Each structure stands twice: as C-alpha cells, then as structure tokens.
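J.: What follows is each chain in one-letter form.
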Amino acid sequence: MKIALFGNPNTGKSSVFNLLTGLRQHIGNFAGITVEKKSGNLQIEDKQHELIDFPGVYSIYPRSKDEEVVYKVVSNSSHIDFPDLALIVVDASNLERNLLLFSQIYDLKIPSIIVLNMWDLAQKRGIKIDIEKLQNYFPGVLIVATNARVGFGKSRLIEAIQNHNLTSSTGAVIENFQLSELENKKGQEQETQIRYQFLKNVVEQVEQVEKSKTDTSSRKIDKILIHPVFGYLIFIGILFVIFQFIFSFASIPMDFIDLQTSNFADFIATNLPRGLLNDLLCQGIIPGIGGIIIFIPQIALLFFFISILEESGYLSRVVFIMDKIMRPFGLNGKSVVPLISSVACAIPGVMATRTISDWKERLITILVAPLMSCSARIPVYTLLIGLVIPKQMFLGIFNLQGIVLFGLYFLGVISALLIAIILKLLIKNREKGFLLLELPSYKMPRWSNVGINVLEKVKIFVVDAGKIILSISIILWALATFGPSGKMDGAEKFTKANSGFEKLSSKEQNQAIASARLESSYIGIFGKAIEPAIRPLGYDWKIGISLITSFAAREVFVGSLATIYAIQDDGGKNVRLIERLKNEKNAKQEPVFTLASGVSLMIFYVFAMQCMATLAVVKRETNSWKWPLIQVGFMGFMAYFGALLAFNILS
Amino acid sequence: MIISLAKQNIGVKSEIKSIASSALTNKLVELGFLVGKSVEVVFTAPFGDPIAVELNGSVLSLRLEEAETIRVESSISL
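Chains A and B, in that order, give the protein sequences.
Counting in our numbering, the first sequence runs from 1 upward without gaps.
Counting in our numbering, the second sequence runs from 1 upward without gaps.
Calculated from the structure, these hints are not laboratory results.
Since the model is a prediction, treat every value here as computed from it, not as a measurement.
Some hints here could point you the wrong way.
One side of the interface only, derived from the structure: several residues of chain A facing chain B at Cβ under 8 Å [claimed, not checked]: (1) S59; (2) K65; (3) S93; (4) E189; (5) K211; (6) T214; (7) T216; (8) P228; (9) F320; (10) I321; (11) D323; (12) P328; (13) N429; (14) K432; (15) L439.
Result set (DMTMM-like, lysine to aspartate or glutamate): computed pairs, CA atoms no more than 25 Å apart in a straight line [unchecked claim]: (16) K211(A) - E65(B); (17) K200(A) - E73(B); (18) K185(A) - E65(B); (19) K432(A) - D49(B); (20) K487(A) - E15(B); (21) K154(A) - D46(A); (22) K13(B) - E210(A); (23) K507(A) - D255(A); (24) K324(A) - E40(B); (25) K37(B) - E50(A); (26) K220(A) - E40(B); (27) K72(A) - E50(A); (28) K200(A) - E15(B); (29) K424(A) - E65(B); (30) K2(A) - E73(B); (31) K186(A) - D49(B); (32) K17(B) - E204(A); (33) K443(A) - E210(A); (34) K17(B) - D46(A); (35) K128(A) - E40(B); (36) K211(A) - D49(B); (37) K65(A) - E65(B); (38) K37(B) - E210(A); (39) K428(A) - E73(B); (40) K13(B) - E50(A).
Cβ coordinates follow ideal geometry from the N, Cα and C atoms, glycine included.
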C-alpha cells in the first residue's frame, strides 16, 4: 500500500523516514508536477509498502511551490500518490500547532497514525502528554510515541502500520469537511480558527507542562550565533572552513579520479581494436563520464557540511541574520545557501532554491546563481592565470596570481548581486515576499541523516547533470571526429607529408595528426566560422573551438586547447601546455595569449552561461524555456562585452 | 497599551490582541499566532530585522513588516 509521511518542518520527519526505509530510498517527481518525490520501500513481513515523504508543511494549504504537492495529492483521491495510510509526524513539545495539519488530514478521512516524535525532548522540557486521552479525541487513529533520531519506537511504529484497519475514522473536527480553494484565503483562515479552537481544548486536556516550555540552552547559544559581530564572524569562519575543504582537500580525490579516468581511457585505447567504437569510448564516453564523477568529491563535501549545519539547526540562523542584508538585492535570507552551493556547482544550488517560498525571490536566486564561479571554472582560471599573470608579489606580501584568482571570484559575486538588483526592478511581483520560519532548537546532527542526504544530492547531480554532460560530450566528440568528406584525411596526409614529420617521435606524430584532423573537423570549421565574432575579444579560431567544447562543461576548455596544440596531458599541471601557449603567434607574428586576451578570456568565463546541465535544471525548476533563455542572453551579453572591454583597455 | 509586535521590546511578554488582514494572515494563524496567545520577542537579527519571537515554546522568525500586522498588549508583570 501507499503510506504518506506528513508533518511540520523540524519535527524529525526525515529521521522517521530514514528510520523506516534506511537506504532503500529513491527520488523521482510527483505525477504532473515538478516537485521532487522522495519515496522508499518499507517491507513488513512479506508485504511491500511504498512510503512517500512529503515536504514539511504547517497546513495542507501551501505557502510555496514546494508545498503545493501536499494539497494536490490529498485533495484528489484519484491521484496516483493518494495514500492508503498517513503517518503524521508531530513534535511532542508543540502539540497544538502540529495537530493542525493532522486534523485536516483526519477530516479528509485518510486513515492516520500520529507519530509523537521527539518524545525525549518534550519530557526534558517537562511536557507530559496523556496518549490515551488524546486517542479518545480522535477515534480510529493510532498514536505512537517515538524518538526517531535514536531509533526509539521503530518496532511499535511498524506494529501500528500493520495493525491499522485502514478504515477512515467516524469522528471529525469539522463535520462534512470540504477543502477551501487555494485562492480562498479567507475561507482557509476561518477553517484554521475553528480547528485551533477545538485543538486548544484538546491540548488543555491531554498536556501537562511542569516548567516553562522555553528551551534555555538554545537561547544561550543564540546569544553568540546571532550576535551582531560574532554572529557574522562565526558564519564567515564556517564558510572559510567549508571552502578550504572544497578547494584544497577535495583536489586529492579529484586528481585521483582524473588520473584513473585517463589511465582507463588509455587502457581501452590500446587493448580494444582500433576504430570508431574505440574512439567513441576513449574520446567521448569515458572522458564524458570522467567529467561528471570528477565533481563528486566537491559536491559531496559541500553537502556534507550543509547537512550538518541544517541538522544542527544553525542554517536557519544563517537565514535569519542574512535576510536583511539580502533583501535590497531582491533576494531572501534563504538565497544564501543556494548561492554558496553554486560555488561548488550551480546545479545543486538551483535545486536548493526550492525552500524559498516567494516566487520572485526564488527566481532571482536561480537566475544569478550561475554567476557564482563554480568549480568547473577553476581549471580554466588557473591555466589562464599561469599563462598571463606574472608570478610576482604585489605590495611585497600578496601573491599577484592569488589576487587575480580572488578577483575573479569577487567579480562573480558582485555581478550576481548587481544583476539581482536589476532583476528585482524588472520582474513583476505577484505576491509580497515573507520570511516565516522556525528557528529550531540546536541538536547534535545525526550522521545517518547527513550521510543519506549527501548520497541523495550526489545521486541527483550524477543523474541530472550527468546525462546532459555525457550526451554533449558525445555530440562534441562526433563533431570533432567527423568533417566534410575527405577534408580530414586530406589534412592528415598533408601533415604526414610535412617536412620534419619523419623526425618526430611516434607520439608526437600522433599528436600532430590529431591536431590537424581536429582543425578540419566540423568543430574546427565552427571555430573558424565564429572567429570574426570573437576576434574583437582577442581570440583566434583555436580558442573558438575550445569555447564551443566548453558547453559540455567549462573545464573541457583546457583539454581542448591541449588537443589543438597537440600537447600531451601531463597529469593536470599543464606546464607544457602553458609553455606552448606562451609561444603561440598569430598571422602577424604577435603572441596570441597576452595579458589583454588572457584577462578577456577570464572575464568571459566568469560571465558566460556555458553549462547546458545548469540550463536544463533551470528549465525544470522554472517550468519554461523562457528563464533559461533569458539567462543565456544576459550572461552572454555580459561575457561578450565584459571581455571586449577588458581586451581593449589592456591592449 | 496596544502596539504592533514590531515595536515591542525584547524580553517583554505580551498578549496577541488582533491580526490585521493581509495575504499572510492565514499563514500567521497556522503558525499559531492566535488572539489571546502569549508571545515574546526573544532576539532580533543584527540590523533589527527580522525578529525572533517565542510562541508556544518554539521560536519563529518574522520580518518587521509581517510583525507589523500583529497587535499586542504587554502582559502586566508581577
């Protein structure tokens, strides 16, 4: 049968879900709506049940896009995900507010179990609940006290699921209850008032509070974490630690993955019969997959930290202290996490905007998130900085190359904020933004919840971004492998006939041939075709080819240059590539990579929307091609004219 | 004296007297902002906005403009 899991935010609903399903979870979409559906298998004896985790809500009447799914499913008994049984997770220390949602589901005649969670916390705060009395108010409903974080109550919960007779209750808070229309706010409010009148009486009868309900220890921690000075310092400190991990320590597994993929490609290349299939595998599919998994360490680390912060209750404090700062930009305190995530990768960043209830604030966050410099830009930045920025000290203490790298990140952040202001003025507001948010008690994070969350985010990235990165890689491979008939073979023959070719080692010969073939392939032709457009920026057709291949993922830029210049990969250090690029001359015998063209390229990469995977995610999240196309438009405009400006100032 | 929750001082317990009608009213009511309930501003964000209030033992954050719609009266301290 189908079992739905409902509950207020911060009730430990995901702990209950993880407790019941463990790792047997999968993520899909609710039928007809683009809201993530998390479901899992629950096997009780020989019966398989599907447990569906709904977003945390205070009422079935939604206040954000994310929350609409609850209304849509429970209001339509023929909906494919309409549950046979509902588990409503209730925070035992805030019974009245939590029972509101339950009473709505109860009145919709869905067979229900109340999961009185965080039982220990309630007891610690001196709250006693008479379960039997509570049961009497809601005939037909089973009530189970749990403490899901430590696994307390699991067997009794499973027993309750097994023993539920699955018939709807005869009782009701509101007789013959009809849901209000989504737009009928007045009707919803009246309904809520009636329910609370009833629930107030219930709670007075079943709950005994010995001491004040106030959570004094959380209040003490808040004194520091919300502090006008220390609050921000601590937040900056935490960000610093996270970025340290993402940028420094993640490079160890990333280098390993990089090496293994290229070794594997070499192995296949030499051990499979030569031919088109071999090329497709070694130059298209394997590097394509490698280009996806290389980002897993950074994404996993980022979400490891974000999950810890979320689980502990700190993240809602970040939202709280950042809200006022973000608002002038048309953003929300909740935009902070998506924007930070985008520094690793814009895809999880864009997905993390779902918690923003206001459509306009959410949309602006989505539109500017890809301006934050993501990790795929790092290889491009480092190559270009190594190429055109001298290794010297600035003012005696600062490393000039480091300053430029910092400057590129800074440029991304500043432009994201400036564009947000412009978008704020341009996009019409449908409703007023708001920030009604609970600041939960501080808790020690549960490592199993953190682990499951990280796994889930990595899975989404691999599947969502992966299929696009992989297909673009294959398309680009085809464009680089095939050309107008005879042209590529002609280029190869011409190279072989070249004087001096015989003197090269066989490796160098192969590289020279690869370079010549690429030049006369379709992609080479495209690169040459766009040269007039990019010449004002200081680029030639070889850079043009690399710009096109960047649409698979930005870091492909480096690999493409290496192929074009027939440079052997030296394990990511690119020493030889940099040497070769430094000596590159154009037709007028002037160097191609100067300070002007190098900086122009860096600026181009800060702004340009070159990631198809992000575009696809933006399309999915905004439900139309309109916004991703607008995004390509304004980011492309900024990239082109930013690069043009930089080139002309510096040259 | 009845004032808006946005103007209430930190640490003063007060009773909710009315909630002005707005697009958000139902959302406030759902969170437990009901006439007659006791509410206390427990701290504010560094720039004075948003504010955090304690209601029914849990802490909720509100922007000042949201708190503006809630009218409260300070409970007499004994």
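J.: A separate judgement is required for each hint: does it hold in the structure or not?
T.: Each hint tested on the structure:
1. S59: Where the cut-off is 8 Å and the nearest Cβ of chain B is about 4 Å from S59(A), the hint holds.
2. K65: Hint on K65(A): violated, closest Cβ of chain B at ~15 Å, above 8 Å.
3. S93: holds (6 Å)
4. E189: holds (4 Å)
5. K211: The hint is violated - K211(A) has no Cβ within 8 Å of chain B, the shortest such distance being about 11 Å.
6. T214: holds (7 Å)
7. T216: violated (11 Å)
8. P228: Since the shortest Cβ distance to chain B is 4 Å, the answer is holds.
9. F320: Since the shortest Cβ distance to chain B is 5 Å, the answer is holds.
10. I321: holds (5 Å)
11. D323: Holds - the Cβ of D323(A) comes within 8 Å of chain B, reaching about 5 Å at its closest.
12. P328: violated (11 Å)
13. N429: violated (12 Å)
14. K432: Hint holds; K432(A) Cβ to chain B Cβ min 6 Å, cut 8 Å.
15. L439: holds (4 Å)
16. K211(A) - E65(B): violated (33 Å)
17. K200(A) - E73(B): holds (21 Å)
18. K185(A) - E65(B): holds (19 Å)
19. K432(A) - D49(B): holds (16 Å)
20. K487(A) - E15(B): violated (84 Å)
21. K154(A) - D46(A): holds (18 Å)
22. K13(B) - E210(A): With Cα atoms ~19 Å apart, K13(B) and E210(A) stay inside 25 Å; holds.
23. K507(A) - D255(A): holds (24 Å)
24. K324(A) - E40(B): Given pair K324(A), E40(B) holds - Cα atoms ~21 Å apart, limit 25 Å.
25. K37(B) - E50(A): violated (40 Å)
26. K220(A) - E40(B): holds (16 Å)
27. K72(A) - E50(A): holds (19 Å)
28. K200(A) - E15(B): holds (16 Å)
29. K424(A) - E65(B): holds (19 Å)
30. K2(A) - E73(B): violated (48 Å)
31. K186(A) - D49(B): Status violated; Cα separation ~28 Å.
32. K17(B) - E204(A): holds (21 Å)
33. K443(A) - E210(A): Cα-Cα ~22 Å, so holds.
34. K17(B) - D46(A): violated (56 Å)
35. K128(A) - E40(B): holds (23 Å)
36. K211(A) - D49(B): violated (30 Å)
37. K65(A) - E65(B): Holds: K65(A) and E65(B) sit about 22 Å apart, inside 25 Å.
38. K37(B) - E210(A): Holds. K37(B) to E210(A) sits at ~19 Å (cutoff 25 Å).
39. K428(A) - E73(B): Between K428(A) and E73(B) the Cα gap is close to 37 Å, so the pair fails against 25 Å, i.e. violated.
40. K13(B) - E50(A): Between K13(B) and E50(A) the Cα gap is close to 46 Å, so the pair fails against 25 Å, i.e. violated.
Going through the hint list in order, the structure does not satisfy hints 2, 5, 7, 12, 13, 16, 20, 25, 30, 31, 34, 36, 39 and 40.
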